[in-house]
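*Asks:* Starting from the structure of chain L, add chain W where the hints point.
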Amino acid sequence: AQSVTQLGSHVSVSEGALVLLRCNYSSSVPPYLFWYVQYPNQGLQLLLKYTTGATLVKGINGFEAEFKKSETSFHLTKPSAHMSDAAEYFCAVSLGGGADGLTFGKGTHLIIQP
Amino acid sequence: KAGVTQTPRYLIKTRGQQVTLSCSPISGHRSVSWYQQTPGQGLQFLFEYFSETQRNKGNFPGRFSGRQFSNSRSEMNVSTLELGDSALYLCASSVSPGAEAFFGQGTRLTVV
Numbered sequence: 001a002q003s004v005t006q007l008g009s010h011v012s013v014s015e016g017a018l019v020l021l022r023c024n025y026s027s028s029v030p031p032y033l034f035w036y037v038q039y040p041n042q043g044l045q046l047l048l049k050y051t052t053g054a055t056l057v058k059g060i061n062g063f064e065a066e067f068k069k070s071e072t073s074f075h076l077t078k079p080s081a082h083m084s085d086a087a088e089y090f091c092a093v094s095l096g097g098g099a100d101g102l103t104f105g106k107g108t109h110l111i112i113q114p
Numbered sequence: 115k116a117g118v119t120q121t122p123r124y125l126i127k128t129r130g131q132q133v134t135l136s137c138s139p140i141s142g143h144r145s146v147s148w149y150q151q152t153p154g155q156g157l158q159f160l161f162e163y164f165s166e167t168q169r170n171k172g173n174f175p176g177r178f179s180g181r182q183f184s185n186s187r188s189e190m191n192v193s194t195l196e197l198g199d200s201a202l203y204l205c206a207s208s209v210s211p212g213a214e215a216f217f218g219q220g221t222r223l224t225v226v
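Those sequence lines, one after another, are chains L and W. In case it helps, the working numbering puts the first sequence at residues 1 to 114. In case it helps, the working numbering puts the second sequence at residues 115 to 226.
With the rest of the complex left out, here is chain L (with noise of 0.2 Å):
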């Protein structure tokens, strides 16, 4: 079985600063892991993924995390925060192939100081 924990409920960052959201995974295999972000009363986009390959990836809107298979985390970063950041961030793990579907973490609420 697969799981992720979330460091941090809430995190603050002022506008223009460094964002940072931590996830670490327990996986049996190989994982595909994911951000998502959801905005209130709204699903959850993809921000980005890994499934393969390099282990630095890119996402929309300047966020980008990298696979650290060592330390078992797939941290989240954006150099300079924006106001419309603001919004609930979820890391997940699956098993490829979609086995048992998705896990998510519980979730960080970023919010954006002016």
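By construction, these hints were calculated from the structure, which means they are not laboratory data. Keep in mind it's a predicted model, so treat the numbers as computed, not measured. A portion of the hints provided could be inaccurate.
Unchecked claim - Straight-line Cα separation of at most 25 Å, DSS-like style, residue types lysine-lysine; simulated pairs:
#1 W:Lys171 x L:Lys49
#2 L:Lys106 x L:Lys69
#3 L:Lys106 x W:Lys171
#4 L:Lys69 x L:Lys49
#5 L:Lys58 x L:Lys68
#6 L:Lys106 x L:Lys49
*Replies:* Below, chain W alone, put in the same frame as chain L:
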């Protein structure tokens, strides 16, 4: 290209009733998954359908069921509703199991 469409967006039901939620996937997508989102439990996998067959199911009671039609549209049904079933129910579609999943806006179910 239209996204994943879930209907209705909001629903209020009474304990003991049953409810059916609908999901229309993106055209060409044959895999549909359902998730329940609550403040306490977060996002939890309910089940996945591919080519009208349930591939796998999460840890939910038998009151939760679903099906998929030949046009890939899917419905989920919850019988004998409980207060704890109040949640946002999200549907996601993908070309095939394990491929990139696209989510709908969800159906907000309130059980009173």
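*Asks:* For every hint, state whether the structure bears it out.
*Replies:* For each hint, the structure was consulted:
no.	hint	result
1	W:Lys171 x L:Lys49	holds (23 Å)
2	L:Lys106 x L:Lys69	holds (21 Å)
3	L:Lys106 x W:Lys171	holds (20 Å)
4	L:Lys69 x L:Lys49	holds (15 Å)
5	L:Lys58 x L:Lys68	holds (15 Å)
6	L:Lys106 x L:Lys49	holds (18 Å)
The structure meets every hint from the earlier list without exception.
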